[in-house]
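As they're listed, the protein sequences go chains W and H.
Going by full-length UniProt numbering, the first residue of the first sequence is number 1, and it counts up by one from there.
Going by full-length UniProt numbering, the first residue of the second sequence is number 1, and it counts up by one from there.
If you are wondering where the hints come from, they were derived from the structure by calculation, not from laboratory data.
Some clues are possibly wrong.
Said to hold, decoys possible - The calculated BS3-like cross-link candidates involving lysine-lysine, where the alpha carbons are at most 25 Å apart (straight line), are:
#1 H/K293 / H/K254
#2 H/K293 / W/K116
#3 H/K141 / H/K81
#4 W/K116 / H/K254
#5 H/K254 / H/K141
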Amino acid sequence: MEQVMANGVYLGSQYAMIALGLTLIFALMNVLNFAHGQMYVIGGFVTYTFYGQWGVPFVLALFMSCMTLAIIGALIERYLFAPVIKGSAREESTMLLAAGIAFLLDALILLIFGEKQRGVPKIVDGVFNWDFRLIMPYDRILICVLAILSIVAFIALMQYSKTGRALRALAQDRTAAQLMGVNVDRYSMIGFALGAMLAGLVGGLLVTITGVNLGMGGPTSIKAFMMVMIGGAGVISGAIWGGFILGFMEAFGLAYLSQYGDITYLLIFVSLMIFLAIRPQGLMGKPWG
Amino acid sequence: MNFSKIQILGVLAFLAVVFVGIPIFIAATGRWDFYFTLTSVALLAIASAGVWLTFYIGRINIGQGAFALVGAYVSAILVVKAGWSFWISLPAAGLFAALVAVLIGLPILRLRGVYFAMITLVLTQVATLTALALPITNGAKGITNIPLPGAISVFGIPLVPDFATLENSRMAFYFTAVILMVITYAALYRLVNSRLGHLCRSMQQNEELASSIGVNITYIRILIFAISSFFGGVGGAMFGSISQSVYPATFVVKDSVDFMLNCFLGGLGFVFGPMLGTLVLYFGWDLLFEFGKYQMLIYATLLILIIRFLPNGLLSLRFGKGGGK
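In isolation and in its complexed conformation, chain W is listed as follows (with noise of 0.2 Å):
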């Protein structure tokens, strides 16, 4: 049992992490960002290459894949979303724009690192035993640990920052916000970026543990939309919630329910189905979006 809440405290952690890159973009330009599992792989495959091929302290790699990430996301709403959001009849073209992004970021990321599984040298060996009661590598504590402090320096910086207050106050209301002096064309792109570099600290945090692939980027996305489904879109305290809900069923079903065959995920989109029935806003979000 402390067995399988460990676990599902370490998942819930970096799902939270996907989670909320995932939901500030949507709050604050209505995106449904396709592209989020591709670029927590692109977080992954930079983290490979500093640190395991080039030799680079963990932490400086992981603060190069949170730039990269970071400056594509920027150069993506500039150049890409901003235009489109502005000259499109209907705000749902945007997804065939992320659909797109998906798949460019996709055969990028092919061409420049190629198919194979990479994997990087641990950063800190050793396993942690209490009596056999719970078992966990040394790394993944730390991972998990390091998770957790990002999503509260994330929530500070959300909570009592400038920029902060003007992601905020542009999420709640884009013409109000405007209306106050919002640099809304200056902040939209700021927030793109910092959902983006999320994605990419994720991405270059869970590397060292379980390696990444070129196949990941999609799983990862849909799993972030249940994330931010139970929550609730665009609200980042529902997408930390959505994380660890996610996480402690996937651990608990792993647990118990492996000896029926692969029945997990399918029992998580049902059950996600029938609550969304009964509210559907998710734990906490606006009702209707």
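Model the placement of chain H on the given structure of chain W, informed by the hints.
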């Protein structure tokens, strides 16, 4: 409905091309593989028509793959295990998909915008996982060796020959698929220009307002979702019959996303948008095959450029604003 001369000429020209022009072209060039490509385009266009219809009531549907998969399995099971004729299983597959859509639609059609989009995306995943888990679908092995469609005769007069005895079943499948596509789009055009279509348009713009002036929005959105899933089921069933096999991975999330992209690419404001979008996306992908490992890169770049400079779809280039062809 009044059609202008240009519209009638346009439809006649289209019919002449697909029923006479393309077979002559293929016979002349000997590119028999084109039949398979064009048949796929026609079937995917049918499923995309369903997605377009859901867009018409203001919902983003990324779940058409689920209904196509349901249709393919229902038809395959009826033909292989119950021994039905394919031609009866085809509407049965569509109706079953529509029934599933009503059951699922009752709760989830209350969702809007991005919530509906995400849950339908999950729905495709559910369909694949269900197909893996159920015993009747044979799990990952799928259903293989589905017999080709048999003959239909009314009062001893053969209407459709037995596909298995035909020398060239590809051509027969092409004609079947194109006839189905023409019927689908004729029905879609009729529906959009009917009273129901106007009600849908009012819902697309503002559901509360539509509801307040007495439109039964619950009924309409479930009806529309059922029709669109019917299209998905029929397209999927036909696809399974052509490939003579169905697997859980026959339709996956990527196919659902593709159906949606077809609609966007053609233009959401145009009934014939999904047809054009399917043709361009499918052929575009095939033509870029020669670029080898750069295929995906070029394809994605073109897709991004199109949406960047024609955000309202390809058809907006010529027709400007307005609906219909």
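Quick rundown of the hints versus the structure:
no., hint, in the structure
1, H/K293 / H/K254, "holds (19 Å)"
2, H/K293 / W/K116, "holds (15 Å)"
3, H/K141 / H/K81, "holds (15 Å)"
4, W/K116 / H/K254, "holds (21 Å)"
5, H/K254 / H/K141, "holds (20 Å)"
When each numbered hint is compared with the structure, no violation occurs for any of them.
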